[in-house]
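K.L.:
Given chain A, put chain B in place with the hints provided.
Protein chains in written order, with the working numbering: chain A, 1 to 348; chain B, 1 to 133.
Calculated directly from the structure, the hints in this document are not laboratory data. Any given hint could be a false lead.
As the list claims (entries may be wrong) - Reference listing, derived: stretches of chain B covered by chain A, where coverage requires no fewer than 3 residues with Cβ under 8 Å from a Cβ of chain A:
1. 1-15
2. 27-36
3. 51-61
4. 91-99
5. 125-132
Every value quoted in this text rests on a predicted model; they were computed, and no experiment measured them. No residue lacks a Cβ here, since even glycine has one placed at the ideal position from N, Cα and C.
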Amino acid sequence: MTGVKALRELAALDATGALHVEAALGAVIYLQDGAVTHIDAEAAPGIGAVLTASGRLSTDVWDSVLTVGGPTGRVAALLVEQGYLSQGELELCVNGALFDAAYFALAAAPRSVRFVAGERSWFGGSLRVDVERLVREVAHRRELLTGAFPSSEFDDAPLALVPRLPRDQIVVDAVRWELLLNADGRRTPLELARQLGRAGFATLLEVRRLAAAGLLLAPSATETAPKKALPKRPTTAGGPNGASRAAAPVTPAAPVAPAPPESAPPGGASAPGDVEQIQSLPPLPRRLAGGRPARVVRPSQQGRAGQDAPDAGGGDGPRWPSPPPEVLAEPPSLSSLRRVRDALQEFS
Amino acid sequence: MPGIDESLQRAMAIAGARGANLVDFTSGLVVGTVGDWPHGGPDAAAAGATEVVRAARDNSAFVGPERFGSPGEEIDRWEDIVLTAAGRYDLLRFLHTQFDGRFFLHLWLDRGQSNLAMARLQLGRLAEELVLQ
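Same shape as in the complex, but just chain A (with noise of 0.2 Å):
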């Protein structure tokens, strides 16, 4: 069963609960009376990711708040209540991430899709959106995409650059500027996204539509190259220094738990619907617990971790659906490397 069937059938049921679509980057969709409420994708940047990675609150206030809040199902509340966002912010955060999600959450085609009835978000809040009109948006959003480039190849590939540009000049927003100077070859536009807090599918069309621009190295040509091996930077991006610097903001920060060895971040994890990628990774939670370990376990999700999980050995680390990587957004900041030192401490 498809994501928008199973949608479709528990809106006109007025359900409530929590519809969880499995899939190689799963979500969850949140319905109360039979709309949805919240989504939670994971291929997309959540609020707490879009929120931080912008700088508008740093990752304490957003940990402080969802540990007060997500079980009780209050960070939505709590965030105006204790003055952190406007409430004109909140419902423009939240209206942008929650269609955002759902273009993922819809998109993929599902290995299953289960229903928990009466399963209430963590987030809270007050926003209801029809499903037929969520429904029509996601189509809506394909349609743009098609429009700006036909084919998706570059949409799960590693982004990289040509070295020329292909034109006499490009007009560079602020979005298109970020991925041009992150575009390392070895993150895909959707693990982009999450580590810059944009949008996945302002993302995805922006690549979309530098690849109709001819200023992407086709996908063939980079995953023929080594992982390890980085990819020459095009010369025209402001040399070593400014290369650099300019990656500092996404490098993933310090792990702020202990890492197994194999801490990178997954590459090219971001297949919805590709058969091949879901056969050559290993089963998805014990994935996300080993490949980020810097993740956090949303505090309404640490009680039911166990119960609805297959194979994840009851609960012994953080699982789907858990927040997305906000850690990694973290600017390696003096508490963030006192956490590193006295897990390392701890270790000893």
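P.N.:
Leaving out everything else, chain B in the frame of chain A:
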């Protein structure tokens, strides 16, 4: 502090206002709407306005010139796109959020009953209050 719906209601209190939309121009999605939208309703209006915004944003004719010593952000920060006709005004006012977001307010007014300069100032104030930190 006003939310989206309240801001749209307040936009409708501007003299001559006939319809107000809040649009996410990532895709032309209507986030909120009030008033009267002839010719296809708020969705069609949002889609059309979004095309205008995208076309303008993709054009380097509307930025700069860079001036040494002045903060570029202030100079090049777009405020609005204004379209006038014999019978109506359309104001597209950009919302500048610190986090990633692509939103504008679209207000259209009956030209005979409105004052463009006043309406622009009022809509601008409203937009600022909506994303007030």
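K.L.:
State for each hint whether it applies.
P.N.:
So, going through the hints one by one against the coordinates:
| no. | hint | result |
| --- | --- | --- |
| 1 | 1-15 | holds (count 5) |
| 2 | 27-36 | holds (count 4) |
| 3 | 51-61 | holds (count 4) |
| 4 | 91-99 | holds (count 4) |
| 5 | 125-132 | holds (count 4) |
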